[in-house]
Amino acid sequence: MQAVINTAGKSLRAGLLTVACALLAASPLALADGHGDWPERDIDFIIPFGAGGGSDAWARTIGSGARDHFGVNWNLQNRPGAGATLGWEYLLDQPADGYTVYLGSPTPVLTALMDDDPLVDPNELKVAGYISAFRSLIVAQNDGPMSDWESLVEHASESPVIIAGTSALLVGAANVFEQAGIEAIYVPYSSTGEATSDFLGGHVDLLAATASTALGIAPENGTVVLNSSDIALADDVDEQLGGNIPEAADYGFDGMRFPRPIGFHPDTPDEIVAEFSERLESLLTEDESVPAMLNRMGEEVIFMGYPEANEDFALLVDRMRGALDLLD
Amino acid sequence: MFQPEALLESLHLVFTLNTMMWLAIGVFVGVGLGAIPGLTTSTGVALMLPLTFTLNIAGALGLVIGLYKGALFGGSISAISFATPGAPDSAATVFDGYKMTQKGKGRKALLTSLYSSVTADSLSDVVVILIAPAMALAALQFGPSERTWLMFLAIALLGALSGRHVAKGMMAAAIGLFIGTIGSDPIAGAARNTFGQGWLRDGVGLVPLIIGIFAMSRMIEQGIEITQESKLGKKVKGQMADLFGKDQEGLTFREYLSNWREMGIGLGIGTFVGMLPGLGATVASFLSYGVAKRFLPHKKIGTGVMAGVAAAESGNNATAGPTLVPLLAFGIPGSATAALIGGALLLQGITPSPRMFELHADVVYALFIILILANVFNLVIGRGFAFFYAKLGAVPKPILVPTIMVLAIIGSYGASGNPYDVGVMLFFGVFGFAMRKFGVPEAPLVITFLIAPMLEENLRRAILISGGDWVPGLFNSPLSLTLMALAVAVLILSYRMKFSEKLDDMQHQEMEETAEEDSAKKSQ
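From first to last, the protein sequence lines stand for chains A and B.
Per UniProt numbering: the first sequence ends with 328, consecutive numbering throughout.
Per UniProt numbering: the second sequence ends with 524, consecutive numbering throughout.
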């Protein structure tokens, strides 16, 4: 009887051990398939800007669909300040457990690159995905001497062109101008409204604008001479802007996009970041209400997942650093 | 081009129970939010924006425009009743409004604020409807160099707010100028004057600074009065307690009309400032107040009179309609609130652009009608709301002062959700209290803080555009030269006026001394 009990005990122990080993071995896979124990609780979602802006609107819109795709809610927290790096610094102070996420933009990267003593290193973000990206379009006056790319290059060979825009958009233009050997005076603005007003008033030659700003200008009051990014315009937008907008790649230039990254603490396990990325993609592409709402807001989902977005982000930081030197 | 069919369509859109309801809700919420310190107009519109997604276009416009106009007026309620501007737009209203409350004329001040706000707002809307495209084209003529001279002109005009002690006024202006440079370089983007504190990189926020300087400093002062049980404390308490008693003075039609010059100044300045991107209602309000004080000295603005309230409030409210001009004509959002209204249009599938008049004329007409209707709603709802809120002024001071202090803390935090702003507000509360004790005026500090960064940005852009040459950068158009000439003329005129004021004072002093000597001789 004792022998039977011993044998049964050994078998039970061996069985349990096998199950435990199998579970341990399968845990990363299980996590990647969405069956792991992450997320067990709500996720803190850091918006490094105040309520009411573009990033805030994005966060609130996609946050509304979080429960359906993550099984938990996102606690949206506006942590503005220090050129959007205060929220980033907060992220780095949290445990790397996958329960604090940061919604980035070009602004905090530029802040970190421009500061002598920045709060954060711009590479300290493990990017789970890009949810969107905007393009820097170069707009010229309709009846001016630079109404297409060739005449712009020709004009710039005689005297530097003057281009207005917000810092991030100017970085996009500077990236292409450098490759084309164009000399330019970059005039930074804190608001799109003032830059557009000065362009329409003829106080500057060119405007670096997003597609949505350009839609308010072209084709009546301006011509888009180049899409300086590496993302093509949507067909309907291209048509509304006058059609056949040339892209940086058409002239052999490496274009630059300005993404909205969502990222974690750099030490966060890859499995969690990958899992987040997968669920985020389904929220942005398969969900019925969220993409429709974003579309009605005039926003565009341009998704890039993990690890591609993380690798691209590192390259982007380097290129932005180079383009910023040109602005100086 | 006028489209009668589109106008009919817009009338069908606007005059529905649904639109009227959302317009009323917008104004109601706007006045309420506006009266809460820290909740600015743009924050209120931003909070309501997701709701517009579910509404039709007229309902959405009714909600956001109603809220916008309601909040612009609402800010004056707490400025007058508690010296706590609900938003920076109403900071200039504190000077005379709160003094009127202390004199037991709070009801008159609130009614002056409401009527002058609605009058200037309605008339500026009419101007917008009649000449929006021409206004937009005029606004485009203002480039960096023209804006630079415009700022110089504004500073010259606002010299009147430095008070009788020019040196103290200059000192306050210098402090404001320094605080305005804290943050990041507007062109190169590098941090400067941040004392090594990363959180100061975005600069000092306008909301915490205004709440600290205007509200917290006064509450510290009143708090000390309560603890010392001074006579003044008891006097003010008594007057605030009967703020809306039966014997409280209202506003007669004749009194309302007597402010026509101040409302005219506010209308002109507000309409002009509103259509230029980047300046905003706060600048318009201070400018209107400063110009009225300078050119209407017999009204004794600054001593707690209706004229001061009328000038400040008509100035900020007259920006409401014109702010939308660049948006409608060129798709340029002239202010944060205009950008949010543009967002509401986008949510309805309408892109603000020059084509709006052609493609969505019915929506443009509906927007114009709603702009006007919102003023009527503001008048009715604002009146009731103002009295309801101002009743809080009757709360005894030992309860009121700490309550306002808590509101000031919440307001400075709530404006952008930044905890450091609370510290900034408290610092400026103590700083403002010290300024008051030493008789240093607050206005020059706030004005240079507001205008100096804009001046620097535009000056540096103008020079950048001209390739580093100052002369072609700053004197590149007839408009620049005209504005410069105006600024110089105002400075000379101000100097002469100050000089003649001093002469008058000296003569007055001599006469008094002679009279004293005569009476002394007689008594001997």
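Hints should not be assumed to be uniformly reliable.
Unchecked claim - Where chain A lies over chain B, by a calculated footprint (3+ residues, C-beta under 8 Å):
#	segment
1	134-141
2	251-258
3	319-332
If you are wondering where the hints come from, they were derived from the structure by calculation, not from laboratory data.
Every residue gets a Cβ at the ideal spot worked out from N, C-alpha and C, and that includes glycine.
Comparing the hints with the structure gives:
Proximity of the segment 134-141 of chain B to chain A, defined as three or more residues with a beta carbon under 8 Å from a beta carbon of that chain, is established by the 3 residues found. Remark: the segment 251-258 of chain B is not confirmed as covered by chain A, as 0 of its residues place a Cβ nearer than 8 Å to a Cβ of that chain, below the required three. Given a C-beta distance limit of less than 8 Å, the hint that chain A covers the segment 319-332 of chain B holds, as 4 residues qualify and 3 suffice.
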